[in-house]
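Peer 1: Quick note: the sequence shown, position 158, residue 580 per the numbering used here, numbers continuous.
Honestly, I wouldn't trust all of these hints.
Unchecked claim - Restraint ranges, calculated between C-beta atoms of paired labels, are given here:
id, residue 1, residue 2, range
1, Ile552, Thr513, 56 to 64 Å
2, Lys516, Ala555, 31 to 39 Å
3, Arg459, Thr437, 21 to 29 Å
4, Leu488, Gln515, 38 to 46 Å
5, Ala451, Glu478, 54 to 62 Å
6, Thr486, Ala451, 48 to 56 Å
7, Asp574, Ile543, 26 to 34 Å
8, Ser508, Ile480, 35 to 43 Å
9, Glu466, Ile425, 28 to 36 Å
10, Ala549, Lys511, 20 to 28 Å
11, Ser465, Val441, 28 to 36 Å
12, Leu488, Glu466, 27 to 35 Å
13, Glu577, Lys531, 46 to 54 Å
14, Lys531, Thr568, 42 to 50 Å
Unchecked claim - The calculated lysine-lysine pairs, modelled on DSS-like cross-linking and capped at a C-alpha distance of 27 Å, are:
id, residue 1, residue 2
15, Lys519, Lys545
16, Lys479, Lys503
17, Lys581, Lys569
Think of the hints as simulated: they come from the structure by calculation, not from any bench. Here a beta-carbon is modelled for each residue, glycine too, at the ideal position from N, C-alpha and C.
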Amino acid sequence: MNILHDPAFWVSVATLTFVVIVFKPAKKAILAALDLRISKVRSELDEARRLREESEKIIAEARTKLAKSEEDAKQILLHAKNEADSIIKITTQKLEKDIEIRKNLALSKIQSLEETSIADIKKNISAFTILAAHTILEENIDEETTKRLDEDSIEKIIKTYH
Numbered sequence: 423m424n425i426l427h428d429p430a431f432w433v434s435v436a437t438l439t440f441v442v443i444v445f446k447p448a449k450k451a452i453l454a455a456l457d458l459r460i461s462k463v464r465s466e467l468d469e470a471r472r473l474r475e476e477s478e479k480i481i482a483e484a485r486t487k488l489a490k491s492e493e494d495a496k497q498i499l500l501h502a503k504n505e506a507d508s509i510i511k512i513t514t515q516k517l518e519k520d521i522e523i524r525k526n527l528a529l530s531k532i533q534s535l536e537e538t539s540i541a542d543i544k545k546n547i548s549a550f551t552i553l554a555a556h557t558i559l560e561e562n563i564d565e566e567t568t569k570r571l572d573e574d575s576i577e578k579i580i581k582t583y584h
């Protein structure tokens, strides 16, 4: 049998011819579509690269800001601690001065009360002594002794003032 009479051969030739005829115009369309697709992929890759660089820049800025914020926070805490220490020191000094003033006032009041009490006691002792002496004299001295004491007292006064 001859190959030219075989329908499979002609189907193969027709298919090959069809492919060759269709391939040239289809090749341009396929290449154009592939070029378009390549262009889109490149564009997407460029956009992804740009986004990555932008992200890295934003991350670097965020890290810088975070480091600065941490340093600022440390400075604020240090300042607050120093401020608190200063307030504690000033308050302690004021409290010590206040305690000293109150202590001195208390000691002054105690001394004043002691002096007043001593004066009152002396006054009371003098009054009681005079009262006791008067009572003893009234009970133990007779009229003749009283006259003699009066005369002695008058003589002493006269001698003293002349």
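Peer 1: Now tell me if each hint is right for this structure.
Peer 2: Do the hints match the structure? See the list:
no.	hint	result
1	Ile552 <-> Thr513: 56 to 64 Å	holds (57 Å)
2	Lys516 <-> Ala555: 31 to 39 Å	violated (57 Å)
3	Arg459 <-> Thr437: 21 to 29 Å	holds (27 Å)
4	Leu488 <-> Gln515: 38 to 46 Å	holds (40 Å)
5	Ala451 <-> Glu478: 54 to 62 Å	violated (40 Å)
6	Thr486 <-> Ala451: 48 to 56 Å	holds (52 Å)
7	Asp574 <-> Ile543: 26 to 34 Å	holds (32 Å)
8	Ser508 <-> Ile480: 35 to 43 Å	holds (41 Å)
9	Glu466 <-> Ile425: 28 to 36 Å	violated (51 Å)
10	Ala549 <-> Lys511: 20 to 28 Å	violated (56 Å)
11	Ser465 <-> Val441: 28 to 36 Å	holds (33 Å)
12	Leu488 <-> Glu466: 27 to 35 Å	holds (32 Å)
13	Glu577 <-> Lys531: 46 to 54 Å	holds (50 Å)
14	Lys531 <-> Thr568: 42 to 50 Å	holds (48 Å)
15	Lys519 <-> Lys545	violated (38 Å)
16	Lys479 <-> Lys503	violated (36 Å)
17	Lys581 <-> Lys569	holds (18 Å)
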